[in-house]
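**Student:** One letter stands for each residue in the lines below.
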Amino acid sequence: MTKHNILIVDDSATTRMMVKRILILCGIATENISEAADGSQALARLVACPVDLVIADLHMPNMGGLELTTRILASSTLRHIPVVIVSADPNADRIDQLKQSGVKGYLAKPFTPESFKMLLMQVLPEAA
Amino acid sequence: MLDTTSITAADALTESLETMAFISALPPEDALAPAGLAFFTRIEFRGASDGALELLCSREFGHLLAANLLGCAPDDPDLAQRAGDALKELINITCGTFLRNTGATARALVEMSVPVQSAFDLADWDAFVAANATILDAEGHKLALRLVEIK
Numbered sequence: 028m029t030k031h032n033i034l035i036v037d038d039s040a041t042t043r044m045m046v047k048r049i050l051i052l053c054g055i056a057t058e059n060i061s062e063a064a065d066g067s068q069a070l071a072r073l074v075a076c077p078v079d080l081v082i083a084d085l086h087m088p089n090m091g092g093l094e095l096t097t098r099i100l101a102s103s104t105l106r107h108i109p110v111v112i113v114s115a116d117p118n119a120d121r122i123d124q125l126k127q128s129g130v131k132g133y134l135a136k137p138f139t140p141e142s143f144k145m146l147l148m149q150v151l152p153e154a155a
Numbered sequence: 171m172l173d174t175t176s177i178t179a180a181d182a183l184t185e186s187l188e189t190m191a192f193i194s195a196l197p198p199e200d201a202l203a204p205a206g207l208a209f210f211t212r213i214e215f216r217g218a219s220d221g222a223l224e225l226l227c228s229r230e231f232g233h234l235l236a237a238n239l240l241g242c243a244p245d246d247p248d249l250a251q252r253a254g255d256a257l258k259e260l261i262n263i264t265c266g267t268f269l270r271n272t273g274a275t276a277r278a279l280v281e282m283s284v285p286v287q288s289a290f291d292l293a294d295w296d297a298f299v300a301a302n303a304t305i306l307d308a309e310g311h312k313l314a315l316r317l318v319e320i321k
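Protein chains in written order, with my numbering: chain W, 28 to 155; chain A, 171 to 321.
No lab work stands behind these hints: they were computed from the structure. We put the CB at the ideal spot given by N, CA and C, even for glycine. Keep in mind that a hint or two might mislead.
Derived DEER-like restraints, expressed as beta-carbon distance ranges [unchecked claim]: (1) A:Asp220 - W:Ala56: 42 to 50 Å; (2) W:Leu134 - A:Asp220: 24 to 32 Å; (3) W:Leu105 - A:Glu199: 49 to 57 Å; (4) W:Cys76 - A:Lys321: 16 to 24 Å; (5) A:Asp220 - W:Pro140: 33 to 41 Å; (6) A:Glu319 - W:Pro77: 44 to 52 Å; (7) W:Ser103 - A:Glu281: 33 to 41 Å; (8) A:Glu281 - W:Leu100: 24 to 32 Å; (9) A:Asp291 - W:Pro152: 37 to 45 Å; (10) W:Ile51 - A:Gln251: 15 to 23 Å; (11) A:Leu196 - W:Pro140: 19 to 27 Å.
Take a look, some chain A residues computed to stay more than 10 Å from chain W by CB distance [unchecked claim]: (12) Pro198; (13) Ala274; (14) Ala289; (15) Asn302; (16) Asp307.
Go ahead and model the full structure; you've got the sequences and the hints to work with.
**Tutor:** This is how it looks when you write it as structure tokens:
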């Protein structure tokens, strides 16, 4: 089982804690779980620390999940890092747009730990 | 039409509570106001139709929700600080679920606002409930949810 470095990006500290807890509940093997409050902070962290997966909210101040994904994919040093979006946004068109932009996975809230684990297993097959 | 949609909104709240926080919500035995201080949490949506969801609950319920979402003990000192955020997350998820369930996003792109929150005097519980609110009992805590049309 490979341990991974995971970056959680959400403007709510409580939501970041919640996602962190679900990661632990899912039994995902992690080396380090770091946090960022928006896309700009996330990009700074990605440059500074090794990250194997980004779990991001869609709507955040300064820089949301879609722009974060676009910027990661535009960077030759970051584009290998998969991005998963977790959001309550109900718009199917927007979710299609996310998938077309290169997001590796999308999970609509509310979700169960099982569905979260299933998605992460697709993105990081060796994580559990 | 509003009453039917209010039921759907309550269904979305129930689904969100059960899925994310493992909290069951059922119709209450009575509509009496809960005691103590309360949170009023509201989120607006704009699209094919414009409206808002408003949730009223006690601070104790906010603590229970935060404890379940975060896996904390019920007496964790951080819960008072986390309860408000947990309720904002709940109404955000409930609104997204409600809009998906009603097919609102099939007709037009729907934008949800950032949830806002304020303290609420439970002396006004009856007036809030009388305006098309649905009351639920979530493990001994009363919640009132209403859908408000924005014209």
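**Student:** State for each hint whether it applies.
**Tutor:** Evaluation of the provided hints:
Distance hint check for Asp220 (chain A) and Ala56 (chain W): the Cβ-Cβ separation is about 45 Å, which falls inside the suggested range of 42 to 50 Å. A C-beta distance of roughly 27 Å is found between Leu134 (chain W) and Asp220 (chain A), which places it inside the suggested range of 24 to 32 Å. Evaluation of the 49 to 57 Å hint for Leu105 (chain W) and Glu199 (chain A) yields a pass: the beta carbon distance comes to about 55 Å. Take Cys76 (chain W) and Lys321 (chain A): their Cβ atoms lie about 50 Å apart, and the range 16 to 24 Å is violated.
For Asp220 (chain A) and Pro140 (chain W), the Cβ-Cβ distance of about 35 Å falls inside the hinted range of 33 to 41 Å, so the restraint holds. Judged by the Cβ atoms, the range 44 to 52 Å given for Glu319 (chain A) and Pro77 (chain W) holds: they are separated by roughly 50 Å. Taking 33 to 41 Å as the suggested C-beta distance range, the pair Ser103 (chain W) and Glu281 (chain A) conforms, at roughly 34 Å. A C-beta distance of roughly 25 Å is found between Glu281 (chain A) and Leu100 (chain W), which places it inside the suggested range of 24 to 32 Å.
Under the hint 37 to 45 Å, the C-beta atoms of Asp291 (chain A) and Pro152 (chain W), about 53 Å apart, miss the expected range. For the pair Ile51 (chain W) and Gln251 (chain A), the beta carbons lie near 21 Å from each other, so the given range of 15 to 23 Å is met. In this structure the supplied range 19 to 27 Å holds for Leu196 (chain A) paired with Pro140 (chain W), their Cβ-Cβ distance being about 23 Å. With 10 Å as the threshold on Cβ separation, the claim that Pro198 (chain A) sits away from chain W holds: the shortest Cβ distance comes to roughly 22 Å.
With a least beta-carbon separation of about 7 Å from chain W, Ala274 (chain A) fails to lie farther than 10 Å from that chain, contradicting its non-interface assignment. With 10 Å as the threshold on Cβ separation, the claim that Ala289 (chain A) sits away from chain W holds: the shortest Cβ distance comes to roughly 18 Å. Annotated as non-interface, Asn302 (chain A) keeps its C-beta farther than 10 Å from every C-beta of chain W; the closest such distance is 22 Å. Non-interface call for Asp307 (chain A) relative to chain W: holds, since the shortest CB-CB distance, roughly 20 Å, exceeds 10 Å.
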